[in-house]
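J.: The residues making up each chain are set out below.
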Amino acid sequence: MARMKFLCDIERCIACNGCVVACKEGHQLPVGINRRRVVIINEGQPGEKSISIACMHCSDAPCIAVCPVGAIYQREDGIVLVNKDICIGCGYCFMACPFGAPQFPRGNAFGARGAMDKCTFCAGGPAPTFSEKERRLYGQNRIAEGKVPLCAGMCSTKALLAGDGAVIADIFRERVARRGSGIAWGWSKAYKE
Amino acid sequence: MGAKKVFSNPAKIAGKPITLNPKLARRAFLKIAAATAGLTGLALSSKIVRRTEAKERPKTPYPGSKIIRTICTHCAVGCGIYAEVQNGVWVRQEIAQDHPISRGGHCCKGAGAIDMVRSEKRLKYPLKREGGRWKKISWEQAFDEICSKLLEIREKYGPDAVHWNGSAKVSTEMAYLQRKLAAFWGTNNIDHQARI
Amino acid sequence: MTNSMNDIRHSRCIFMIGSNAAEAHPVALQHILYAKEVNGAPLIVVDPRFTKLAAKATEYVRIRPGTDTAFLMGLINYIIENDWHDKEFIRTRVAGFEEMRKVAAHYTPEVVEDITGISKEQLARVAKLLATYRPGTVIWCMGITQHHIGSSNTRACCILQLVLGNMGVSGGGTNIFRGHDNVQGATDVCVLSHSLPAYYGLKEGAWKHWCKVWGVDFEWIKSRFHNKEYLHKKGFTLARWYEGVIQEDKITQYTPIKAVVFWGCASNSQSQYHKLKRALDKLDLVVIIDPFPTTTAAMCEKDNVYILPSTSQYETEGSVTSSSRQAQWRYKVVDPIYESKTDYEIMEEFVKRFGFADKFYKNIKKVPEDVTREIARGALTIGLCGWLPERIKKHTDNWHTFDVDTLQAKGGPCDGEYYGLPWPCWTETHPGTPILYDISKPVTKGGLPFRARFGTEYTYPDGRKENLLAAPGVANPGSEVKGGYPEFPGWKTDINVIKEALKRGMAPFGNARARCYCWNFPDPVPVHREPLHSPRSDLIKKYPTYPDKPDHYRVYTRFASEQKVALSKEFPLILITGRMVEHMGGGAETRSNKYLAELAPEMYAEINIKVANDYGIRDGEYFWIESPEGGKIKVKAKVTDRVDEKTIFLPFHFGGFFMGKSLAHNYPEGHVPYALGEPANIVTNYGYDIITQIQATKEGLCRIRKA
Amino acid sequence: MKRAILGSLSFFAFSAVALGAEILRPSGPISPVAVFRKLNALLLDAWPDEGATFIKSVSSFKDYYLYIILGLFGIFLLHYFIFGPRRFLHRGEKVAYYGFFTRFVHWGAAVSMTFLVASGLAVLFAKVFGGGPLVMGLRSVHLAAAFVFAIFAVFLFLSLVKDMFPAPYDLKWFLILGGYLTRKPRPVPAGKFNAGQKMWFWVGTAGGLVMFYTGYKLYQFTAPVSYLRELLKIHLYLGLAVVGLFLIHLYMSVIAVKGALQSMLTGFKDVEEVAKMHPKFYEKIRKEF
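So the protein lines, in turn, are chains S, U, A and P.
For the first sequence, this note's numbering assigns the number 1 to the initial residue and increments by one for each residue that follows.
For the second sequence, this note's numbering assigns the number 1 to the initial residue and increments by one for each residue that follows.
For the third sequence, this note's numbering assigns the number 1 to the initial residue and increments by one for each residue that follows.
For the fourth sequence, this note's numbering assigns the number 1 to the initial residue and increments by one for each residue that follows.
Excised from the complex, chain S in its bound form (with noise of 0.2 Å):
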């Protein structure tokens, strides 16, 4: 069985934010909540890097185990997903997630915290496939239609990957050695002239 996985290219990834718009654009999100996001680190600097940041669907991921509802939960492709209808927005994935992923909307009463939002891979959620309700509640649902996420298809610089966890590592492999043609830089006039 396929497992899904997103991987993030620090090399390509040129912080255009190209993800974090496909993402809230294609999903209608509310302003503020942010699945994906993009985090430059020493900025202005050389060694500059960013990189983007959703929800990577940890195998035996931590909102799994600390969620009192059980609302989220693992497809079998490896995808976790939330039940909006059974979350209770008490904010334990939250604090018990390293990459930060789940987001709260405010609720109405008293501005409390609504159902946890987060990052579907666009698999939808628990809603009829394709229902007014999926969409409105977890946005689309490509992985349905057999398409690919927006986010990495939408990446500027194919920067970010996002499929089957072996393939999508094959790929960064070849990338890295590749890169590692760096190392061999200038051999070719070294050696072969």
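It should be emphasised that the hints constitute simulated quantities derived from the structure, not laboratory data.
Take the hints with a grain of salt, since some may be wrong.
[Unchecked claim] Stretches of chain A that chain U covers, calculated by requiring three or more beta carbons in the stretch to come under 8 Å of a beta carbon on chain U:
1. 316-325
2. 398-404
3. 603-617
[Said to hold, decoys possible] Under the rule of at most 27 Å between Cα atoms (straight-line distance), these lysine-lysine pairs were calculated in the DSSO-like manner:
4. A:K282 to U:K136
5. U:K156 to A:K282
6. A:K503 to A:K492
[Unchecked claim] Simulated coverage check for chain S against chain U, where a stretch passes if three residues somewhere in it have a Cβ under 8 Å from a Cβ of chain U:
7. 21-29
8. 87-94
Using N, Cα and C, we set each Cβ at its ideal position, and we do this for glycine too.
Please build the complex by placing chains U, A and P on the supplied structure of chain S, with the hints as guidance.
T.: Structure of chains U, A and P alone, referenced to chain S:
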């Protein structure tokens, strides 16, 4: 399981022969497109999808929609956009994975291209400033007033009393008409963003 | 761009100067990073600011703003000194090399270090990289052009590529990433005050040619103008049109400007914006045609303004030309929303009321396709003859059949053609020219020599005579003449001449040498001139600017009289402006997008930690920036290492504030953009290019104080 | 759990190796390993150190609460059937024990505390209620009740604190468990409030205010996540004590000591009760008369 696999591989990377053969490298690179596109098949093989499919659900979230190819309006790279339109409404921006320049890629501006027709801030009708306030007017009134004022100025001061600022954000055809309009108006006072 | 975005994939060295493509053209980075990774191409980024692009560089060069020519000439000199220049290329296809070399010799590494602040060692390293890894591409943007010597800067870039022999080859070329989505298209049809469409200029021949294309009488067009002089006189430019209203500098036009029409054009992108504001208040009529209320609407505080809601480009259709000279058909996605009208409809209503609709639309029955055909009939100089609406649509409809590496279609309806038919696309069957000046391909298959525009021979001031045509034996395969040849007489106005030339395997515009010495320019060979507002007052005497130009696009333009030695004492900091990835141009569209506004909600100024501490400004605090022209803005400090200790950086997309005061109440109700801020251009300085009059926003001075 | 952490971090581990290959590249002065570390520090924060323990403790809290509640119920049942309730019939002389203000704030605090405990437990055992809007509604109740409680708790604290300082005999009271484990009431060492009451007072008011602060911070949810984790742990641990003592208090006042409820309503206690249950206070008031 997948995680472990990723974890156990790195040792091989170092041992892999380094190559500068561009042909080989290119073939490898093309797989990246396959990576995102390749997911397609994999996702469909998921049991969950199969199970839901058995229940005869609609094949697409927007039945009867059609895909229109168009081009991003933000910068001159010329990224492709697939606009999914259902009943005359742009419902979704799709990934133009097979566009030769952008290959589906967008920056944040392009990823939100659909907002150009969705934004609540779009102007809705012609406006005129009157007594310091904006007043809604009809198109007919707007055209009549503007054109008669322009003609009046032309009459009184000459054609060069009007400056036209054209645009680099319209189609080539429209830009051409802007230049042509200035010529027919009788002035060379026309310019656009390429100047600056 | 002489090459294309995708062609950068073949580069073995990428030299980017004055470009922050990571923010301005993020998708182009896809190809640049590919070349960096796969070809191991060094990525050299020259910029006063450590941009997001610089973060990806293998060699980052911090340069003092406004000294690009000195650096480039220094590189050229170092390359020639070390005998790394492409001698064969120069012998056969370059003119004026000796004259250029003499000028370049002045820019020794020591001199360059003094002017630019770039160390001798780094200059040597960069030169070595450029010389070692060929073909390399040179990429630039507004960081090169927006200077009072912008035209010299661009030419220095071109000369660098000529010296390296990188022109006309895949992976080489001079690639200018253009800003707006259709700025290439709009430039090609010359929405410019100095030319008719397709760069024909304003001479009588040009007018006659276009009158023929339009099907109108030349005498009638002439009668529309004030007099014959104004038919040929360059008009005001976007950079300085407001001087036609406020007349701070003397204008050379019989009347002041009384009305202005902003048709899809932001005003807050023009320098010295506070003066433009004065003009807006003085005008009799301001017409704004835009899908969003632009900053202009909020800046007009008099009852002289109309806003017409045009549609976005997704609600209309037409062709767009990408930076790589490719035409794509932008199909209409949805019908106009609300009561907005397409630009074509608005144009029609205008023309109807102006009373020349029959003449204007003589050849145009169906918009926009018939317009495309009219352009194809007229725009022979740049070979838009092959750009028929059907062909452009065919390419867009079949974009999946084009190869990513070569942009050539493999099979399918467009077999063998290049994506978007990059101009010159000489005939209805020509595949487009993917790489300009590439003599390895036949002209009919997309090859091209250098244009023979300036005669066949020239005598330099020192008496040396040089043949300007390409050397014998250098021509495209299949050319009837094996060597240089002059342009075909009449090719600019007669398509049959072009067809005849192509039949003979030759380029209609001849086969010449590229000039290093442009005798029709104020500086035949690019030389360094200190910015008008220079922080190095000690260098002004040695590298002074040009004398004043009394009639520069109808307005007196100061050069020497503006360059004052004492200015840098009062205004000690350098001011540069640039792009943010989240916003575009004046920001009317992007600041009205809630997600983009969320990502980049407010105006800021990047300021080095040392400057911030010297002035007692903390990160996130507001402070004032003041320009020598009296503009001032109150902005939030972003303390960062991106800029050095002498420089302040401002993004130029914001509007809706004016010198510390909010103008939110001036927007139409319900249409206030999500993000408002001070326009950076209030504090950008006086200064315009000697040839193009582009504003010099990348080399100003300013002073700051705590708010 | 260790596997889980490794699994979720594999992505970073992999990036690290990828960057490892870059080390040999003469690109910049910053080592890729440093970049990797910096990213870790920025994105994961304190997670590698405290994530596992947090997950473990949070997922086991439900059990602790269950043990406490069930255990106490068992004890109450045993106690009731073995020793039976204390009965003070309020027929004899009355002693003015609680002023009006004290009773008012007590009942204010009591009612809001009941809501807090009930809704808090409902959130903790949300699975029983099926989660969703119902529990989310109860979370709002919890939030509203907390504000009401916080106000009363302050006044309750002020009005009672002078009698609530621990005294040496409190230890003795604890040693004989308040004398509740006998059928016949005998005088126990206690002042106006016995050691059990004092404990409840301190946990209920001062602890309640700590609960309020931690709860408020958790409601705001803007503190650094590492701090939030600590706050949640405090909230849950202290909540455990509050719930336990709340239940004991409820049992004692309503079931185990008949008349206690009445005295808090009327403000008067039976002399006999005071003499037996609060002998030190009894002596004090006798001296005053």
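J.: Each hint needs a verdict: does it hold in this structure or not?
T.: Now for the hints, and whether the structure bears them out:
Closer than 8 Å: that is the beta-carbon criterion, and the region 316-325 of chain A has 9 residues meeting it against chain U, so the requirement of 3 holds. Here the region 398-404 of chain A counts 5 residues with a CB under 8 Å from a CB of chain U, which clears the bar of 3, and the coverage holds. Check result for the region 603-617 of chain A against chain U: violated, 0 residues qualifying (beta carbon to beta carbon below 8 Å, three or more required). The straight-line distance between the Cα atoms of K282 of chain A and K136 of chain U is roughly 23 Å, inside the 27 Å bound, and the hint therefore holds.
Simply put, K156 of chain U and K282 of chain A have alpha-carbon atoms about 17 Å apart, close enough for the 27 Å limit, and the pair holds. Taking the CA atoms of K503 of chain A and K492 of chain A, the gap is about 17 Å. The hint holds against a cut of 27 Å. Only when three residues or more bring their CB closer than 8 Å to a CB of chain U does the claim for the region 21-29 of chain S stand; here the count is 5, and the claim holds. Coverage of a stretch by a chain is defined here by at least three residues with a beta carbon nearer than 8 Å to that chain's beta carbons; for the region 87-94 of chain S and chain U the count is 0, and the condition is violated.
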